Each structure stands twice: as C-alpha cells, then as structure tokens.
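Undergrad: Turn these sequences into a full structure, and let the hints steer you where they fit.
Sequential numbering from 1 applies to the sequence shown in the UniProt record's numbering.
Don't read these hints as lab results, they were simulated from the structure. Misleading hints may appear alongside valid ones.
[Unchecked claim] EDC-like, lysine to aspartate or glutamate: derived pairs with alpha carbons at most 20 angstroms apart: (1) K84 with E53; (2) K129 with D117; (3) K2 with E59; (4) K142 with D172; (5) K146 with E165; (6) K146 with E169; (7) K7 with D77; (8) K37 with D77; (9) K84 with E128; (10) K159 with D137; (11) K142 with E128; (12) K37 with E59; (13) K7 with D75; (14) K2 with E40; (15) K84 with D190; (16) K7 with E43; (17) K7 with E33; (18) K84 with E101; (19) K145 with D172; (20) K142 with E169; (21) K84 with D197; (22) K76 with E59; (23) K2 with D77; (24) K84 with E40; (25) K159 with E169; (26) K129 with D190; (27) K2 with E36; (28) K37 with D4; (29) K76 with D4; (30) K7 with D73; (31) K145 with D162; (32) K42 with E32; (33) K123 with D137; (34) K2 with E33; (35) K163 with E149; (36) K163 with E153.
Bear in mind that the values here come from a model prediction, so they are computed numbers and not experimental data.
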Amino acid sequence: MKPDFQKGNGLVPAIVQDYQTNAVLMLAYVNEEAYEKMLETKETYFYSRSRQELWHKGETSGHFQYIQGMYLDCDKDTLLIIVKQIGVACHTGAYSCFFHEIMPYVTSRNIFHEVYDVIADRKEHPVEKSYTNYLLDQGVDKICKKVGEEASETIIAAKNQDKEELIGEISDLFYHVLVLMYQQGIQVEDIERKLQDRHQVTGNKKDFHQRGDY
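TA: Set out below in structure tokens:
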C-alpha cells in the first residue's frame, strides 16, 4: 500500500509529529521519490514546491528527523510521519512550525513553551525596561541568584502553608528556570525528553524510586 500521488499532481501532504511529545511539528509535501527515500533511509525527505527539488530534512541544519512510524490516511492521499526530532523542526528555530496563536489551547506544556518563546523573542527583539532583557543582559550569575531566591521563597511559602502564595512563588521559580534554560541553550524539549526517557525505562512510580531517578 502506498500513497496515491496522482490525486495531488504527484504530491501528497505529510504531517510530521514528534513521537515523544505528540506535538505536530510541520507540514510538508512528498513526491514518490521522497517517499521511496524515506522507506530506504528511515529519515524524512520532502519535495520543495518553491525550489522544485527534493530536500533531506536536516541536511544543512543538522536537525534530522528519524522516522519511528508512518501512516496513510483513509483516502491514501495524506501521510502521517512519526519522528524522533533532532533539535528543532522549524527553520525559524522554533520547536514546531505551528507557533502563531489564533485560538489558544492552554495546557501546562503549551504555557511553558509559550513563556520560553517569549524569552527567546526578547533576546532577538529587546524591549525597553523588559525584566527578561535585564536578566539576559546581566548573565548567568544574576539569573542563578534569582533562581536561588525564588527557590527559597517557594520553600518559605510551603512552610507557611499558604497555597496561593506557594502557587505564585512556584510560578516565579519556573519563569526564572526557563530564563536560565534559554541562557544556557537548553530547550523545553530537552527536559521533556529526559523525563520521557526516564519514564519509559520503568513505567511506574515504584520503579522510579528503585532506580533513583526521582
């Protein structure tokens, strides 16, 4: 069974999804040659409509996509490709190409990515009197000091058994940790992958304690 390339004048759309986070990373187009290359190499290949040529994802950026699975839809004219993403999927440097918000779907994962993206944007497009720009300009020593301060304030709030205060302090701590991550070149996906790797080793909390991961 293979895609019906005749329906789209030789091309079929391909949705690319991260096998660990389930996030939709990008949408591209595949011709028969690209399809055959993917079956052969287990890496993603696409057809560029603008350049009218085959392209190997990651060939120039190093952000390769290693195929973990591939599915064909009911009409045989759309591919779903499940990949292990190396680095980021988008040429802009974003984890996913789908980052322009129209109708927000807020989850804990999305809000962490959104805050991280704001931090990255402040670096690229500084804003006067921005606290994020202030921290990034001051460097790692200042950022680490703030992480330490927020961690201490989180502990105090917990000891005070003040739930609202604790929520606020944890939020402040998370923000400063995200600034530190960006400053050190660590992405949210790196933390997600590490947690996923640890989770997939055992699959239950009892074993977490036995392994000492948590």
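Undergrad: When you check the alpha-carbon spacing of K7 and D77, does it fall within 20 angstroms?
TA: holds (7 angstroms)
Undergrad: Against the 20 angstroms threshold, does the CA-CA distance of K2 and E36 hold or violate the hint?
TA: Within the cut-off at roughly 10 angstroms; holds.
Undergrad: Sort out whether D172 lies within 20 angstroms of K145, counting only the CA atoms.
TA: holds (13 angstroms)
Undergrad: Given the hint that K84 pairs with E53, does the C-alpha gap stay at or below 20 angstroms?
TA: violated (24 angstroms)
Undergrad: Has the given pair, K2 with E40, been kept, meaning a C-alpha gap of at most 20 angstroms?
TA: Given that 20 angstroms is the threshold and the Cα spacing comes to 14 angstroms, the pair holds.
Undergrad: So if I understand the rule, the pair passes when the alpha-carbon distance is 20 angstroms or less; does K76 with E59 pass?
TA: violated (28 angstroms)
Undergrad: Hey, K145 versus D162, does the alpha-carbon distance stay inside 20 angstroms?
TA: violated (24 angstroms)
Undergrad: Between K7 and D75, is the straight-line Cα distance small enough, at 20 angstroms or below?
TA: Holds, at about 10 angstroms.
Undergrad: Given the hinted pair K142 and E128, is their alpha-carbon gap at most 20 angstroms?
TA: Measuring from Cα to Cα gives roughly 19 angstroms; hence the hint holds.
Undergrad: Taken at face value, is the distance from the CA of E165 to the CA of K146 at most 20 angstroms?
TA: Holds - the C-alpha atoms of E165 and K146 are around 17 angstroms apart, at most 20 angstroms.
Undergrad: Take a quick look at whether K37 and D4 sit within 20 angstroms of each other, Cα to Cα.
TA: holds (17 angstroms)
Undergrad: With the threshold set at 20 angstroms, check whether the alpha-carbon distance from K2 to E59 stays at or below it.
TA: violated (25 angstroms)
The structure does not agree with the numbered hints 1, 3, 9, 10, 16, 18, 22, 26, 31 stated previously, though it agrees with the rest.
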